[in-house]
Amino acid sequence: MPDLGPDIFFATITELSAKLKAHEISVLDLTRAFTTRLERIGPRYNALALPLTEHALRRARELDDDIKRDRWRSPLHGIPFAVKDLLAYAGQPTTWGAKPYAAQVFDYTATVVTKLDSAGAVLIGKLAMVELAGGPSYRYARASLTGPGLNPWDRTRWSGGSSSGSGIAVSAGLAPFAIGSETSGSILTPSAFCGITGLRPTYGLVSRYGAMALSWTLDKLGPMCRSAVDCALVLQAISGGDSNDPGSAGKRFYYLPQFAKPVNQVRVGYAPVDFNEWSDPAARPAFQQAITVLRDLGVHVKEMALPDFPYGAVLGAILGCEASEIFEPLIKSGKVDELADQRQIAGLKAGLEIPARDYLRAMRIRRILMQEIAKMFIDVDLLLAPSRPSPATKITDPLDRRLNPSLNPPPKSSGMTALIPAGNLAGLPAIGLPCGFADKLPVAIQLVGQPFSENVLVSVGKAFQERTDWHRQHPQV
Amino acid sequence: MKISRRKLAMAMITPAALLAQTPQPPIPANPEEELAAIREQNRRNSQALDEFPVPMAAEPAFQFKA
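Chains S and L, in that order, give the protein sequences. For what it's worth, the numbering used here labels the leading residue of the first sequence as 1, then goes sequentially. For what it's worth, the numbering used here labels the leading residue of the second sequence as 1001, then goes sequentially.
These are calculated hints, taken from the structure and not from any lab test. Any given hint might turn out to be false.
Said to hold, decoys possible - Restraint ranges, calculated between C-beta atoms of paired labels, are given here:
#: 1; chain 1: L; residue 1: Glu-1051; chain 2: S; residue 2: Asn-276; range: 28 to 34 angstroms
#: 2; chain 1: S; residue 1: Arg-69; chain 2: L; residue 2: Ala-1058; range: 34 to 40 angstroms
#: 3; chain 1: L; residue 1: Pro-1031; chain 2: S; residue 2: Ser-243; range: 52 to 58 angstroms
#: 4; chain 1: S; residue 1: Pro-285; chain 2: L; residue 2: Met-1056; range: 31 to 37 angstroms
To be verified - Some chain S residues close to chain L (C-beta under 7 angstroms, calculated; not the full set):
#: 5; residue: Leu-57
#: 6; residue: Arg-61
#: 7; residue: Pro-281
#: 8; residue: Ala-282
#: 9; residue: Arg-284
#: 10; residue: Pro-285
#: 11; residue: Ala-340
#: 12; residue: Gln-342
#: 13; residue: Gly-347
#: 14; residue: Leu-352
#: 15; residue: Ala-356
#: 16; residue: Arg-364
#: 17; residue: Lys-394
#: 18; residue: Ile-395
#: 19; residue: Asp-397
Each residue gets a CB set at the ideal place from its N, CA and C atoms; glycine is no exception.
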C-alpha cells in the first residue's frame, strides 16, 4: 500500500475526489488507509461499533473498475464513509448502541446507506452512539454499549451525543464523512464538541427507512463532515422522497451554489445575550469573532429573540410519549433494565404514563410555535446562536445538570438559548460551523433556516469557512 | 396600578432565566428515586403545558410537514 501521508485523513471530499480523478490514489488505497485507521484508532475513543473492512475492500475494487471505464457515479465516488449504528445494514448487527439489541440483525438496508452506495461512496463501518439515541433523556456520557464517546481533542471530555462515534470519526480522521441522526441536538452537539461541520436537514428531506425510530415527528438523518460544501455533497446524495418513510417530504436537495442568495444579501437574526451572557466566558471571544466574520462577509445582522414558549415541556411530552410508545415492548419485557443509564430507564418507563391530553396539548402548542417561528423569517433568512454555550463537558459530568450554574444572577432574557429544541420542533434545517476554541476545545455556531433552505445555510457556511480555518484544524490523534 | 421594582423585574424575567434560578435537585440515588424524579418532571411539564394559552382553533401538528 502506498504511503498516502497523514494529510489524506483530514482532506475534504472535494480534495479526495480530485486525487482520485487525477489517478494519484486508487479507491482501494484510500479505503485500505481509512479502514486500517478506523480499526486501529476507533476503539481508543469508543467510536467504533462494527468494522466492515472486507465489504469495503470488495466494493473499492468494483469502484476502481468503474474509474478504469471512466464511469463516475457522483462527487462521492470512491469516498469512504461510516454510519451511526442506528442504520440497518442487511446481514450485519445493528445494535442501536444498546445492550438489549446487541445481537439484532436486519435483512434489509437503510435507504440512506443504499443511496450512498449507489453514489459510489464506500461504507467502511458503523459507529458508536448513545443507547437508543439517548431517548427520551440520559444523564451520563457512558450511556452506551461501547462506553462514553471520548473527545479526540481531550480524552477526558465527552464527544457529545447521541451521534458520538460519527463526531469522533470525522474529527479524528477515521472517515472523511459520517451519517448521524438528530431528534433534538444529536448532530449539532457532537459536531460542536468535536470541531466538525454538521448539517441537520429539514424534517422529511432525508428518508429514515431502516433507521431506528425514536420520535416519528422529530427524527432526522444528516451528514457530519469536514466542511459545509462536503455536507452539501452528501446531502445531495441522501435526500429525496421515499414511500417507505411516512414522514418523507418527497423533495430532493440539489447543491446549487450558483443560485443561492448572495451572502451579502442574507439577513441573520441573533440574540446578543446568548453570546455575551449565557455562553461560557472562555468561549465568548470565539463567538464574538464569528459574528464579526459574518458582518465582514456583508451579512446583515439583526437582534432578535425566540418567542416565549415552554420549549422543554413541549419537547419532553412529545419525545417522552413517542419514544416510550416505540420502545413499549422493551419496557414491558423488563429488558429496559439492561440499559446503562438509570435516568434513561426511568424516562422510558415514565413516558408510558404521560396522559394523552399532555401529548395533544404539546402538539397543539407545537403548531402555534411553528407559526410564530415562521413569522421570524419575515425579517431574517437565518437564525444564529452558539451550537452549545460551552465546550465539551467532562466525561464524568452529569449531563442533566445546568451547564453554567455560575450565572448568578441569570441573564434577564433567554435570547435564543432554546434554538435546538425550537428548531427541531419546527422541523427546521441547521448547520453547525466550528468557530474557534475555548480552553483548547472546539466551539461552534449554529445557523437555522426556513424549511428546505439548505442551499442558503451551505452558502453562508461556505463563505464563513473561506474566511476562517477552524474547520481545517484537527486533533493530534 | 402601582408595581414594585422587584415585581417588575420578576415579570421581565423569561422562563429560561427563571429555570436558571431554580435550585437543582440532587441526583437520585436509586432506580425508585430516579423514577420519582422523572414523574415529578413530567408533572411539571404537564403544568407548564396547561399554563400556556391555546386558542380553541389550534389543531395538533399531526399533519407534520415542515
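Hint by hint, here is what the structure shows:
no.: 1; hint: Glu-1051(L) / Asn-276(S): 28 to 34 angstroms; verdict: holds (30 angstroms)
no.: 2; hint: Arg-69(S) / Ala-1058(L): 34 to 40 angstroms; verdict: violated (58 angstroms)
no.: 3; hint: Pro-1031(L) / Ser-243(S): 52 to 58 angstroms; verdict: violated (42 angstroms)
no.: 4; hint: Pro-285(S) / Met-1056(L): 31 to 37 angstroms; verdict: violated (49 angstroms)
no.: 5; hint: Leu-57; verdict: violated (39 angstroms)
no.: 6; hint: Arg-61; verdict: violated (41 angstroms)
no.: 7; hint: Pro-281; verdict: violated (16 angstroms)
no.: 8; hint: Ala-282; verdict: violated (19 angstroms)
no.: 9; hint: Arg-284; verdict: violated (17 angstroms)
no.: 10; hint: Pro-285; verdict: violated (23 angstroms)
no.: 11; hint: Ala-340; verdict: violated (13 angstroms)
no.: 12; hint: Gln-342; verdict: holds (5 angstroms)
no.: 13; hint: Gly-347; verdict: holds (5 angstroms)
no.: 14; hint: Leu-352; verdict: violated (11 angstroms)
no.: 15; hint: Ala-356; verdict: violated (11 angstroms)
no.: 16; hint: Arg-364; verdict: holds (5 angstroms)
no.: 17; hint: Lys-394; verdict: violated (15 angstroms)
no.: 18; hint: Ile-395; verdict: violated (16 angstroms)
no.: 19; hint: Asp-397; verdict: violated (11 angstroms)
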